[in-house]
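Asker: Keeping their order, the protein sequence lines are chains A and B.
Quick note on numbering: our numbering labels position 313 of the first sequence as 953, and the sequence is numbered without any gaps.
Quick note on numbering: our numbering labels position 47 of the second sequence as 62, and the sequence is numbered without any gaps.
Read the hints as simulated data drawn from the structure, not as lab findings.
All C-beta atoms in this analysis are idealised placements derived from N, C-alpha and C, irrespective of residue type, glycine included.
Any given hint could be a false lead.
Facing chain A, a subset of chain B residues (Cβ under 10 Å, in silico) [claimed, not checked]:
(1) 16
(2) 20
(3) 53
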Amino acid sequence: MSRDEPDAGGEWRLTRRRAALEIRARMIQALRRFFVTAGYLEVETPVRIPAPAPETHIDAPPAGDWFLQASPELCMKRLLAAGYGKIFQIAKCYRAGERGDRHLPEFTMLEWYRPASDYRDLMTECEVLLPFVLQALGRDAALVYRGERIDLTAPWERLSVAEAFRRFTPLTPEDALRKACFDERMALDIEPRLGRERPTFLYDYPAACAALARRKGADPALAERFELYIAGLELANAFSELTDVAEQRRRFEMARTERERLGKVGYPSAEPFLKALGAMPSAAGIALGVDRLAMLLADADRIDDVVAFVPEDL
Amino acid sequence: MYTASDLRKGLRIKIDNDPYVVTEFNFVKPGKGQALYRCRLRNMINGSQFERTFRSVDTFESADLQEKKMQYLYQEEDKYCFMDNESYEQVFLTREQVGDAVNYLIDNIEAQVLFFEDRALGLSVPNFVDLVVTQADPWAKGDSVTGNQKPVTLQTGYQILVPTFIEEGEKIRVDTRTGEYLTRVKG
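Using the sequences and the hints, build the whole thing.
Answerer: Have a look at this one:
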């Protein structure tokens, strides 16, 4: 065996992933180009932070006395409050215990915020962003993923959470929450059916499912939140951002209590964020899983195939 | 004691005093929701299977199985024969009990046979097994855009993706936990 063969050193997996990693690189370049052209400022915020936003089911891994960020949300909102306007970031995020075909404990997030907008504006922006990326990769307006053809021509499907429960389960979202099976119904009955022929925006979540989203003026039991699905894959989560400091404090407190009940690690209060929130303009924000989008573009059914290394390789 | 985060394909756990093996595993987590662990489980005694979704708070005991190192001798219809090299005791496993390990059963390979109260129920093969490529198409330049790989057949009949430079008659190392090609083996 000669030394220059590609599996020398047992790195065959890297050789095999190369084509997908090339697609991923071009995709990230296209994403960046889209936001720069649209007048967004690219920002970087610290990965290691003292006080993550308390969310019941998201665990930021401890790093010394601080934590690795589960999302860059709080720091980016402080920039918004300081008047930075439209901002975006491509950041590494960390979530303890998340490992599966679609999850890595370290992953890449594209997060962006636009002032004077709400979640509907973000839906429209997504409808422009994804075709832009496809075009940059030399593809047409349809995505072929795992043999399935998904047409990305706007408008995409808009489906309320209440309607999704009606269509795919025997329960209402409220019943499911009361019976503590909301997540099961969502993950097992609803999500796999979304975004099948064209992308789906699943929108208007019960307020209890959206710690940092604004309530709907017309129906305060709902929060202005949507998730974007393509081929059953959850791709992005968006909010009309909550800017009411007292309300935000109450929601954090509820999440904190819930984390305590579940025996989870407690976080210090994010005081600088809460202080800045009062000055934050009305805005909409969205986080998109970069690895998931790479899966769709590289036709990969496992997240492992669109990153150079997974924890098990290290 | 295991928690839900330990669940993975091949893990053996005890449910209602019976040993079960996880035959399929998937981690799912709806946006902002709680982690769910979807498993397909097979009762190692009677073969019955069912699907269940666990939550992170669920815990499990490990199945009370004894392991014994035995040598694979031969296959007869649906039965696979293993022998204890010290006592010469022989046991038979069904195709279902052998599971994915069937891809690595070459003559005389040593494996851990699993026993539950003196009944042979299953099998663990070594993490790495070297197998001979018995059928491979010749390498053609410009093949495949998806990472320069091609399917080949190994001596056990197992079909696997390997780098295009692997040729018929060569020996390769396979990771039995993932079923994937690792490297070419000299000699």
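Asker: Check each numbered hint from earlier against the structure, then list the numbers of those it violates in ascending order.
Answerer: Per hint list: single violation, 1.
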